[in-house]
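There are 2 protein chains.
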Amino acid sequence: MINGHSKESAAAGRTKITQTPLPTGRRERRAAETRIKLFRTALALIAEHGLADVTVEDITEAADVGKGTFFNYFPTKEHVLGVMAEIQLGKLEEAAASIAAGREPMHEVLHKLVERLAEEPGRSPRLARALISSFLGNQGVREILKRKMLEGRKAIAEVVRIGQERGEINSSLKKEVVAMQLLQMMLGTVLLWSLHEKPALSQWIENSFDHAWRAIAAPGK
Amino acid sequence: MINGHSKESAAAGRTKITQTPLPTGRRERRAAETRIKLFRTALALIAEHGLADVTVEDITEAADVGKGTFFNYFPTKEHVLGVMAEIQLGKLEEAAASIAAGREPMHEVLHKLVERLAEEPGRSPRLARALISSFLGNQGVREILKRKMLEGRKAIAEVVRIGQERGEINSSLKKEVVAMQLLQMMLGTVLLWSLHEKPALSQWIENSFDHAWRAIAAPGK
Chain A
277 MINGHSKESA
287 AAGRTKITQT
297 PLPTGRRERR
307 AAETRIKLFR
317 TALALIAEHG
327 LADVTVEDIT
337 EAADVGKGTF
347 FNYFPTKEHV
357 LGVMAEIQLG
367 KLEEAAASIA
377 AGREPMHEVL
387 HKLVERLAEE
397 PGRSPRLARA
407 LISSFLGNQG
417 VREILKRKML
427 EGRKAIAEVV
437 RIGQERGEIN
447 SSLKKEVVAM
457 QLLQMMLGTV
467 LLWSLHEKPA
477 LSQWIENSFD
487 HAWRAIAAPG
497 K
Chain B
277 MINGHSKESA
287 AAGRTKITQT
297 PLPTGRRERR
307 AAETRIKLFR
317 TALALIAEHG
327 LADVTVEDIT
337 EAADVGKGTF
347 FNYFPTKEHV
357 LGVMAEIQLG
367 KLEEAAASIA
377 AGREPMHEVL
387 HKLVERLAEE
397 PGRSPRLARA
407 LISSFLGNQG
417 VREILKRKML
427 EGRKAIAEVV
437 RIGQERGEIN
447 SSLKKEVVAM
457 QLLQMMLGTV
467 LLWSLHEKPA
477 LSQWIENSFD
487 HAWRAIAAPG
497 K
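Line order of the protein sequences matches chains A and B.
Per this note's numbering: the first sequence = residues 277 to 497.
Per this note's numbering: the second sequence = residues 277 to 497.
Among the hints, a few may not be true.
Treat identical chains as interchangeable: a pair holds within one or across any two.
What the hints assert, rightly or not - Distance condition first, Cα-Cα at most 30 Å in a straight line; then the derived DSSO-like pairs of lysine-lysine:
| no. | residue 1 | residue 2 |
| --- | --- | --- |
| 1 | 422 | 343 |
| 2 | 450 | 388 |
| 3 | 422 | 497 |
| 4 | 388 | 343 |
| 5 | 497 | 313 |
| 6 | 343 | 497 |
No lab work stands behind these hints: they were computed from the structure.
Please construct the entire structure, taking both the sequences and the accompanying hints into account.
If you want it as structure tokens, here you go:
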């Protein structure tokens, strides 16, 4: 369906996947590399053309692997987008660990975190719509996402607990509820932005974060 | 694709459409009635079976009209769901008018409003997913939605202005930004709930509204 795709769009699909260390065996290492390659290629194509106009063949051709290979890694093209949940969870867990270690004000820490989480879907409104659609339309992908979101909420709740301990986040709020609200803010913002397309997602996130912070800051902060 | 649908599901699809008065000419009146009938029938079927498993034939058969009739009113089945945006906008504008007239506390007024807005999508997670998917996947539906959301935001902004005038909503906030955040809260909540399915959307909305109110209440309110 797609006649060609540029080096630029392939480069745009490059994403750091840091939370899963590559396995040490040669065969396992190659399999992990192929999986990541398929993900990056799919992401770049879908960001440019939209989910409906990208086929599995488009992805395997652009990634230079056989069509059958694709199905060794993913049951459907929607499942490729489920990898995004892994990446976002990795960012969250990294952030949670560095917050526990550091003493940066909670406002800056959470601000940076939501900015980082917005980077991937913010690449293109088409991509963001494809991500949400793949979660809505496919039960398998939905189950993956729900598991990752549960882990993500736990990581955010831990950050909130630290913020409450330090007197920066309102301690009368339940940390799990705050975590859910922050996640919801991210998703709602990405959804609305993906419909409107302008300005950049990062600007939408600014407004949303200001608003969310007012709801959770400790009184007088 | 669907072998039968119960009286119950047809009844569940019943929705008050109050904001568009029926036209007075017989032909126009009948056309408006058919449009609403198609919408209600589609909604009931999609709520039960999901967007992918309901065809235009399913809808026209259940509504007892010819298949061709459907396309006199809607270019695709996704466009039927665009009618939902009209209904929600009607609720919003009604609420805005009654707020301007009455003296009920702003907290109760907004609380009731978000509860009312959650009624339609809250009918079934399948329906909510179908609604969001139809907005994401179809540019025509997206344009309809964006226009309705713009009008909706204006209606909410007017409510916010009144709340600020009465000293109940923080007057340092821009009313358009607050309106956008409230809309985003609704969408984010419906999206997350549609993925998790439990408990009822009305309970999710409770938490979200509490959170949103803390972000917009006038200091000390």
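Structure-based check of all given hints:
1. In this assembly of identical chains, the alpha carbons of residue 422 and residue 343 lie at most 30 Å apart only when taken from the same copy (29 Å versus 38 Å across copies).
2. Within a single copy, residue 450 and residue 388 get their C-alpha atoms as close as 22 Å, and across copies as close as 24 Å, so both meet the 30 Å cut-off.
3. Taking the shortest Cα distances, residue 422 and residue 497 never come within 30 Å of each other, neither inside one copy (33 Å) nor across copies (36 Å).
4. Taking the shortest alpha-carbon separations for residue 388 and residue 343, neither the intra-copy value of 39 Å nor the inter-copy value of 53 Å comes in at or below 30 Å.
5. In this homomeric assembly, residue 497 and residue 313 never come within 30 Å of each other (Cα to Cα): the closest approach is 45 Å inside a single copy and 53 Å across copies.
6. Taking the shortest Cα distances, residue 343 and residue 497 never come within 30 Å of each other, neither inside one copy (55 Å) nor across copies (61 Å).
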